[in-house]
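*Asks:* Just so you know, the sequences run in chain order A and B. Residue numbers for the first sequence follow the working numbering, beginning at 1 and rising by one. Residue numbers for the second sequence follow the working numbering, beginning at 1 and rising by one.
In case anyone wonders, no lab produced these hints; they're calculated from the structure. This structure is a prediction, so every number in the text was calculated from the model and none was measured. A portion of the hints provided could be inaccurate.
Pairs involving identical chains hold if they fit within one copy or between any two copies, as the list cannot separate such chains.
[To be verified] Derived BS3-like pairs: lysine-lysine, alpha-carbon spacing no greater than 30 Å straight-line:
1) K158 - K363
2) K748 - K873
3) K363 - K139
4) K169 - K139
5) K158 - K139
6) K169 - K363
7) K748 - K551
8) K918 - K748
9) K363 - K516
10) K963 - K608
11) K363 - K749
12) K674 - K951
13) K730 - K777
14) K262 - K918
15) K337 - K158
16) K88 - K363
17) K748 - K758
Here is how the chains run, residue by residue.
There are 2 protein chains.
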Amino acid sequence: MSRFCILFTCVRVKVHVKKLSGAVSATFCFTHMTVLTYIEVLVLCQKSARLPKTDFQCLPVFLCVISLPMLANRLRVCVCVQSCHATKPGMLNVHLVPHTHDDVGWLKTVDQYYYGDRNDIQHAGVQYILDSVVDQLLKNQDRRFIYVEMAFFYRWWKSQSSSVQQTVKQLVNEGRLEFVNGGWCMSDEAATHYSAVIDQMTIGLRFLNETFGAFGRPRVTWHIDPFGHAREHASMFAQMGFDGFFFGRLDYQDRARRMRNKEQELLWRASDSLTPPMADLFTGILPNGYNPPEGFCWDQLCSDPPIRDDPDLEDYNVDDVVGCFLVIANSQSTVYKTNHIIMTMGSDFQYENANLWYKNLDKLIHYVNARQANGNKVNVLYSTPSCYLQELHRANLTWPLKTDDFFPYADDAHDFWTGYFTSRPALKRYERISNSNLQTCNQLEVFGGPKAMAVAQHHDAVSGTEKQHVANDYARKLANGWQHCRVLQASHRKCSSRIYCENLNVSVCPLTESSKKFSVNVYNPLARPVTWPVRLPVNGTAYSVSDASGKAVDCQVSMCASSFAVNELVFQVQAPPLGYTTYTVALIQDGPPPAPAQQRAPPVIQNKFLQVTFDPETGLIIELPNDVLLKRPRYNASAGNNVESRQPSGAYIFRPNSSTPFIISRTAKTEIIKTSVVQEVRQWFAPWVSQVVRLYADSRALELEWTVGPVPIDDSLGKEVITRLDTSIKTSEYFYTDSNGREVLQRKKDFWPTWNLKQSEPIAGNYYPINSRAYIKDDVDQLTVVTDRSQGGGSIQNGSLEIMLHHRLLHYDFRGVGEPLNEISGIFPDGLVVRGRLLLTLDPLPTAADMHRPLAEGMVLQPLLTFTAGDLKPNTQLEFSGLLAALPPAVHLLTLSQWDEDSVLLRLEHQYQSSESKVSSQAVTVNLQKLFSTLEVLGVAELNLSANQWKDEMKRFDWTPEKGTGHQCCVS
Amino acid sequence: MSRFCILFTCVRVKVHVKKLSGAVSATFCFTHMTVLTYIEVLVLCQKSARLPKTDFQCLPVFLCVISLPMLANRLRVCVCVQSCHATKPGMLNVHLVPHTHDDVGWLKTVDQYYYGDRNDIQHAGVQYILDSVVDQLLKNQDRRFIYVEMAFFYRWWKSQSSSVQQTVKQLVNEGRLEFVNGGWCMSDEAATHYSAVIDQMTIGLRFLNETFGAFGRPRVTWHIDPFGHAREHASMFAQMGFDGFFFGRLDYQDRARRMRNKEQELLWRASDSLTPPMADLFTGILPNGYNPPEGFCWDQLCSDPPIRDDPDLEDYNVDDVVGCFLVIANSQSTVYKTNHIIMTMGSDFQYENANLWYKNLDKLIHYVNARQANGNKVNVLYSTPSCYLQELHRANLTWPLKTDDFFPYADDAHDFWTGYFTSRPALKRYERISNSNLQTCNQLEVFGGPKAMAVAQHHDAVSGTEKQHVANDYARKLANGWQHCRVLQASHRKCSSRIYCENLNVSVCPLTESSKKFSVNVYNPLARPVTWPVRLPVNGTAYSVSDASGKAVDCQVSMCASSFAVNELVFQVQAPPLGYTTYTVALIQDGPPPAPAQQRAPPVIQNKFLQVTFDPETGLIIELPNDVLLKRPRYNASAGNNVESRQPSGAYIFRPNSSTPFIISRTAKTEIIKTSVVQEVRQWFAPWVSQVVRLYADSRALELEWTVGPVPIDDSLGKEVITRLDTSIKTSEYFYTDSNGREVLQRKKDFWPTWNLKQSEPIAGNYYPINSRAYIKDDVDQLTVVTDRSQGGGSIQNGSLEIMLHHRLLHYDFRGVGEPLNEISGIFPDGLVVRGRLLLTLDPLPTAADMHRPLAEGMVLQPLLTFTAGDLKPNTQLEFSGLLAALPPAVHLLTLSQWDEDSVLLRLEHQYQSSESKVSSQAVTVNLQKLFSTLEVLGVAELNLSANQWKDEMKRFDWTPEKGTGHQCCVS
């Protein structure tokens, strides 16, 4: 038995720690038990406290000038002095924040951005940015800089000499270089799953912790570029200990209103399950996106006039520049509450030659402040977001409360950024399944290797708004990550002949297709047993399947629905919690193909839970309880040449030509197959659109496997392809979508809770991100659709729910990427073909969450199948579970990952919202000591969500909401 | 009497210095007397030796590590160590020379380039280049950099802190930052006058001397961008003490031949009057213009892939980069003579972020040299032109000798850069007259103020190849310089009411037009008396003019030939050497206008020397001795769309549509005016082309005053306008043009002396720069044309000489300037109108030089007229000469300028080529002690031509020419 410190997350889970050795750590979970959505616990072995532990912790805005580490075990003497520049009370203080925004891949790949390769595509080289900023900070100790993306910083850091590293540490300690956000990347908020976001933040913040100690810990998070903001992100950031959150993009109508009302700084209450202020996050909307004021961009990428202060020369312009700056500053101060304003002095990949910026900023500060001698009341200073935030906090005001989110994002009346919810659906799925495998890997003791997953969380990666060659690079990095994991997997199980079939999703697996006998290992990363249908491509027509105990399992061979393989072998497997089992498959007949698909009218498929009837003419599902109807229409993409606006659809923007979607076909070619394992109806609507409606014998959910592509482009526009469910559910225009796969938010057509929306795009303006599920309901029924990837969707008509599956577009939408979203590759020369699955479940309202929560959990963390040809070696262990028993239904094991040689990081999560289930939303108790079958728990210690701070040391600023503000988002 | 040290230049002038106090200095001129074209002498007062004086002088390639300045008056201890990196004898040594080429104005103005303003036009900011290079040099002491343009460096230097200045001095002392060229700018070679070039070099080199001492003195000159190379430039550089000269551009056929023969490094014998090696200059042609090899440009302005040397990353490319570099280096070594090659690692305005370059160069050197361990024989090093030159010198080889020049320059068969000889004719004239006035100013004790002239020598300024707004800026700077000078003038003469009429060239002078009485002060900057026709715009019809002694002077009033004024008052003035005289003008009648111009057939004008007859039909001169014919045709500009090439004419390139010029008009409207002062025929060929043929009473030269513009552009192409003289002189296709206004070179149609020319452009390929004069001759007669500005011209047919006066073009010639040469301004909204003068003199061969040398001298240094309205104050000195007597005809006073409070810089020049005049080419003697009327000479010391080195300390490398090479250019 391994002896480990373990990690777990409690989501309103009560943890028994009675017999644990660390007395202090034993109390943590108890104190928070009824209120927690997340608790993060690090099992702390006394000898290996790897986190920075300070007895005397400086505030974010102070710096430690004397630090005597770890005398007498934990003694630390630290003298704190102010690292922020002094401000002037009676004046307008303008905080200049030099920064760079370094996309972790967008128009170029991550490597190209780092090195400055392919500057013909975009001039950007992050290695040089960091070189230059460090040099320039050293030239004037007043200067400040913030850095955000650890994917780049880490890479730069490891190539520096120890003397440069020492210099940088000094800059960090003195607050001259400040890290904000601190994740591996700045994650997208619409298309990411919370599990991967937490992981990527943890990797980045851990690097900062281990490199710079407490002074490297970001106090502020910084999502200046993502295109809309998810409430779950704010909730996570709050639980990670951030004091504030700044972003740049929000709906243009929302911004106008907030400017009028001075509501661009607010308190975001980001959960309706967590007790305030646990998920409260102070949120600031930056004045100018993340750019400098017009005329004040002094980067090498800009062309604004530099300050020419030699009075001997013709074009001395100091008076002009100062005058212009004062106008801008005073104007900006009218739309914010305090006598402090912030200006972001930087933009995309700026500061590659930081001298240009700083030389002119030095002069600006000098010449503007010189006016104070003449009574001018503007004070300019170098600053950082934490220094600015500190001043807002000191102002001791009340702030408007917000409880909804910032989706969708429109930057003009016809410019809704809702296309990217679906852009590059194949990459979005690949990212999701990669995360599932990574969690499996982590569970299998992986340390390292998670960086590829972290990078793919970037807001131009999983959002699908990157260039094609960058998407390819992301995919390649994910594939490398898998490869790394498979090696680990094989070594873990001491079985190097084990094969992973990575093309199983398109029914390709040479081993199963060619072997007369093989075994299937099914690893289940969930903390409860799963039942899972396995579909294997085979060339035989009859097989026998037996489980780990040798018992025969019902299985069927049918002709493959796709064009990639001959037949498919289908059977249900059952895998233990956090462990694996093994099935043996043997060919028993290699004769004629299975019987052709049966065709009957009207087709019906059914099991003990459901009966589904099809219209033989149209191929549509016409009968389910409550008459769910399934259609498959399409939209035309806008060519951008109509009267109201020239905006076309693209990678970011969704803008259909018409509000009435075109139906692809009113009839469908249909086949039906019924076996004891599964019954399915296969429907072809067009050569490029088909689906399989599938019902497994013991499933309560109906599976829709859709295949779309190559999308025809003979209209020279391209198309957005949606699936739409029309039902008799009385929705009153409400519908529900999840936020990053976690809490669910209520949506209403043509309505924003916090302001009076003027809807200008009836379709695109009603689309929201669907990360894991969406549902519609009335007083009786709830129809939930669980997705296998992030997609966009909405409810345009009462009782209807639509999801965009794929889009292929021939116009560019003018948001910088510079190419249309027209995915073509070597194996898809005529355009990408995408396949995916939706799980439909129609339930009585009170038990709906009890259905969709485990359904979605299983969709996110899938069993991992591996294969061995022939007979297994004697004494091979066929079955294993890491747990002594399954966790209760409410408890999800989110993370189990090696932290260091003595510790394991564990995140346990209560996965039900506060009142969505009468049973499962209740608090629950887990006994850690009796949890693991092979781990001995030596001690525990609780951390914040991102594992970079002891929970009991996490002290955040208190903020007071304005009375009477805030809309309570009601899900129950 | 002022007591001064004085400066003079001896051009084969013998100087009597018997009574001078400085015994050492008294010997200089004697030793060189029979061989000198230039001698430069600084009058050294013992107490003010401002030049760096070292007893122990380190070679260029050594650095001084211990320097104890000026102990015991002149003792200096200096330990010299090698500042060049070691090379490897048995290997190919590749000298990487990091550099930037910073045009002192081109697409942007000088100020815009310095500050980095208007980066939308071109990304360039010199202040940042110097900031960045200094930072980066400090990061690695192996790194090297060279800097060229003092106009920028001076500006940057004076804004640096003393600690930065100290750092830079250290870098210079250690040879890590090396100055090359060192002039205020990199002068154009085709359109500049030697007088201005010497001045601008002197300003820059003096700044270096006074700032950095001996280690700041450039050893190498560096004309990497000028479009063709003048022999006189090489001669000047040799006399300035440079050890070598590198340039980038030469004719593509010449380059191909030199590559084949390994003749890209050569010895240029740049004068046929000076005894070798006085004007010998080692000349190296750079391998790739001044750019890095293809694929190795790592500036922020480039997009070549950086070296990606992290083996963990996908795109590790070290092996590719090293392999590619070795191929290039080995290939380059096959076209040079030694085992050393040079690579220019930089280009236009590069190194603004020097980190990009150096980081990759560091890696390149590291990885290429690492291959030596595997037996690879290539050694790469940071280097400078002097370090490279040292290795060539050490090789101790013989080098091909060249005695002609590098004009014209073609970079392809139809791409002759001969249009810029004439581009922007108004600016070219303005530059020339500004120089004249500056010399006058200098003589009037000016110190300071000459920088504007220096800047206008830049190869994109006086060449006319800059953008329009930059041309305006140059003109403005010149105007500012004038203004400064006029203030000095006024203060010198203690007369603040003196007015300068800057628009006299277009007959505008409010003072003369409105005053009934005024005086004219005529300052003559030449060292001999001059007679000069004065033409003043007036509104009266009769005036009396009297000279300083009160004697009446013959004068005439005639209707103004131009449209700007009513009448012109014309009279001849006589001014003393290096001094002024005063004329008084009074209106005696304000009645009817002068008699209308007489019209007779056939018109004839004459004086005691010449008779000129005109054809009454065609307006052409039909009778002069030897039947000189004058025509005025035009060319069409090429639209660039014909069969052989798409190259159109532009600011740089001349490429007419046809080899036969179109005649503008076969007839002309003609008027004739004859007075006792002047006789003239006025001819209008078209509304936009006219000329006045003018003969003053006592002149041997015929004046052609041409007016061209606005050039019609209704053909949508534009035109090149030429004047052509067709004569009966038997030229045998030879003709002659001056080099920078000094020595004259022989030219032959379709022929280059040193290689077998394939002529592909019969007109443009036969054009040469004419700075001051061109002539054709046979055994009897010589027809010389003296120009008032730099122009282009050629002799396309036997007996013919043509000069391009103006061109206006609607196509852009693809050489970077990005706009067509279509000069339009506020006062010329329909296109520029340009007026100029040509002086024609037809002489017997033996005395031709005795005519054209003084004629051209007078054209370059014109009398400066200033005016005072009304009566002069009593006791005003009406006449003054700075000389006790005129200098002999052969001696030209080139420079007389305040050096510091105790010293004056004097340049005296023998202005005749070795055998062009039987009388005047002889050696001549000047007695300095008896030269000046108001200066007492305390002592003299001789300097090199650029006044930055004691002549006796000027030691240059010796080079041996290959036997049998060199074409002796014969002028006599």
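*Asks:* Decide, hint by hint, whether the structure agrees.
*Replies:* Tested hints:
| no. | hint | result |
| --- | --- | --- |
| 1 | K158 - K363 | between (34 Å within a copy, 17 Å between copies) |
| 2 | K748 - K873 | neither (59 Å within a copy, 95 Å between copies) |
| 3 | K363 - K139 | both (14 Å within a copy, 26 Å between copies) |
| 4 | K169 - K139 | both (16 Å within a copy, 19 Å between copies) |
| 5 | K158 - K139 | both (23 Å within a copy, 18 Å between copies) |
| 6 | K169 - K363 | both (27 Å within a copy, 26 Å between copies) |
| 7 | K748 - K551 | neither (51 Å within a copy, 105 Å between copies) |
| 8 | K918 - K748 | within (25 Å within a copy, 105 Å between copies) |
| 9 | K363 - K516 | neither (78 Å within a copy, 55 Å between copies) |
| 10 | K963 - K608 | neither (53 Å within a copy, 108 Å between copies) |
| 11 | K363 - K749 | neither (51 Å within a copy, 59 Å between copies) |
| 12 | K674 - K951 | neither (55 Å within a copy, 107 Å between copies) |
| 13 | K730 - K777 | within (7 Å within a copy, 107 Å between copies) |
| 14 | K262 - K918 | neither (41 Å within a copy, 92 Å between copies) |
| 15 | K337 - K158 | neither (42 Å within a copy, 44 Å between copies) |
| 16 | K88 - K363 | within (19 Å within a copy, 48 Å between copies) |
| 17 | K748 - K758 | within (13 Å within a copy, 81 Å between copies) |
In summary, the structure is inconsistent with hints 2, 7, 9, 10, 11, 12, 14 and 15 from the numbered list given earlier, while agreeing with the others.
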